[in-house]
Amino acid sequence: MTDTSDNNLTKHLDVFKEIGNIGAGNAASALAGLLNKRISMTVPDAAVVPFNTIVDMMQGPETLVAGVLVDVSGELHGFNLLVLEMKDALAMISQALGKPVSEVASPGFELSELQRDTLMEIVNIIVGSFLSAISSFTGLSVVPSVPNLSIDMLGAIISIATIQYGQVGDTVLFLKTQFNDLEGEISGHFFLIPDYNSYKILINSLGLEG
Amino acid sequence: MGTIVVGMADLKVAKAPDILTTLGLGSCIGITLYAPAKKVGGMAHIMLPTYKGFEGQNIAKFADSAIIELVNQIARLGAPRASLVAKIAGGAHMFGRSQNNDMLKIGERNAAASLAILKQLGIPIKANDTGGTHGRTIELHVETGALKIRTVGAGEKFI
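Just so you know, the sequences run in chain order A and B.
Here my numbering is used: the first sequence runs in plain steps of one and ends on residue 1426.
Here my numbering is used: the second sequence runs in plain steps of one and ends on residue 164.
Next comes chain B alone, as it looks inside the complex:
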């Protein structure tokens, strides 16, 4: 069993019994797609909502382009889009009291964009742990599809 680290603006796929992890999500979102029958899955660490206007850049950085790429890569491992379920986490507002800057609300926009594209692709959202003002480290256990979330102040849980 190996642990595969997904960096910022990065995406990876894996088969059971591997674990996919991304560390220290703030306003970014960790998007995981999982095929329960095939026990294969993927994880993306996105930073911005949409690829539109940023053509030519790293597709793993944007919610929409990263999800589409994950779906394609998982399909190549033998699990079609219709067999996938999604779990997402992150999208925090790290400096909660700061108000006068739209850029700080990027976490909310990232979460909304991720949910919208998943819905559009017909991928059921099994769990959604977004928002709040704290960072998260996540682990997708590809054997079971469980997503472990670790925080500094709010403990640890599986969703």
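The shape of chain A in the complex, shown without the other chains:
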């Protein structure tokens, strides 16, 4: 039960940063292919932060966001949650569809079927390449599910992550990555949420002590 204690998360922060770096690099190339433009990315921030700080870091618990959850199975079990602020989600959709954001954005938060499908496909590619990078890095097989989209309040969306981490402490591990293209930047927040056993498997696969 103490495998993923707050201390252990902090101890292995550099490892997660490196995993994030490799995963995001791979995801950026995949995204560049999809959007047919050059995409660069910043070195991701990895941080272990208290529950109540995380929502404030991302503009408050009631901010409308697009959350995409992928269940992970195989040799690692858990979730990968990608949280996009609506402006970033709309920017991605507009680039993939080759239309200006003004034509994509609707007054409310409703996305059309095509827009939802487009967003899911983008996320599928990002998360898939992120996970396959982790898989080659660690030598563990990782199988992602079909993504699930929910557009709602940030606090509600990330409760998936905070509850899972909440079983072992009062902090959560998250990776923030910024994708940049010539027209601006798109930020994405990744939450890597291994279950307890998988956390240990992940650390051990890298030859480290849990």
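These aren't lab readings, by the way, just hints derived from the structure by calculation.
Each hint should be verified, as a subset may be incorrect.
Selected chain B positions facing chain A (Cβ under 7 Å, derived; list incomplete) [what the hints assert, rightly or not]:
| hint | residue |
| --- | --- |
| 1 | Thr8 |
| 2 | Ile9 |
| 3 | Gly12 |
| 4 | Met13 |
| 5 | Leu28 |
| 6 | Gly31 |
| 7 | Cys33 |
| 8 | Pro54 |
| 9 | Lys66 |
| 10 | Met99 |
| 11 | Phe100 |
| 12 | Ile111 |
| 13 | Ala132 |
| 14 | Val157 |
Glycine included, every Cβ here is placed at the ideal spot set by N, Cα and C.
With chain A's structure known, arrange chain B on it following the hints.
Relative to chain A, chain B alone:
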């Protein structure tokens, strides 16, 4: 009149005319206890059903330990357990279509645990707005005991 914010895994008590609020509940539950005669109340934002197996952790994180702590803190404001009524909200299944993981059903388990402990303590449940697939922000108006629920897609209401 002040608005007091209750964070995740947190609990607070207040007297009229204050407002207690917690923002962006997903699978977590907002539990409110209210003493109508004394006009005092409390709110907890719990994340998990039971403290059992997690001894030593923050008691505000679990339905059972948080409710007991709220009852004790409200009692210190002069309202005994027998004078309390409860309203709860939250416990959503945020990613409705995802199936193969028990962890995603935590909202249901949180709601069931909250209702069970309230029943066990003999605290009447006046309103229960749990489940669904949407997030909620709640406000307990300690003057009246009304609980306001705000959502993104499903509007706003008082229960």
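Evaluated hints:
For Thr8 of chain B, the suggested interface contact is broken, since its CB lies about 14 Å from the closest CB of chain A, more than 7 Å. Contact between Ile9 of chain B and chain A, as hinted, is not supported at the beta carbon level, the nearest pair being about 14 Å apart and thus beyond 7 Å. With its C-beta approaching chain A no nearer than about 4 Å, Gly12 of chain B sits inside the 7 Å limit, and its interface hint holds. Interface restraint check for Met13 of chain B: the shortest CB-CB distance to chain A comes to about 4 Å, inside 7 Å, so the restraint holds.
For Leu28 of chain B, the interface hint holds, the least distance from its beta-carbon to any beta-carbon of chain A being 4 Å, beneath 7 Å. Interface restraint check for Gly31 of chain B: the shortest CB-CB distance to chain A comes to about 3 Å, inside 7 Å, so the restraint holds. For Cys33 of chain B, the interface hint holds, since its Cβ comes within 7 Å of a Cβ in chain A; the closest pair sits about 5 Å apart. With 7 Å as the threshold, the beta carbon of Pro54 of chain B stays out of range of chain A, its nearest partner Cβ sitting at about 11 Å, so the hint is violated.
Contact between Lys66 of chain B and chain A, as hinted, is supported at the beta carbon level, the nearest pair being about 6 Å apart and thus within 7 Å. Proximity of Met99 of chain B to chain A holds as hinted, the smallest CB-CB distance being about 5 Å (cut-off 7 Å). Interface restraint check for Phe100 of chain B: the shortest CB-CB distance to chain A comes to about 4 Å, inside 7 Å, so the restraint holds. Contact between Ile111 of chain B and chain A, as hinted, is supported at the beta carbon level, the nearest pair being about 6 Å apart and thus within 7 Å.
The beta carbon of Ala132 of chain B comes no nearer than 19 Å to any beta carbon in chain A, farther than 7 Å, and the hint placing it at the interface is violated. A distance limit of 7 Å between C-beta atoms decides the matter here; for Val157 of chain B the minimum to chain A is near 5 Å, and the interface restraint holds.
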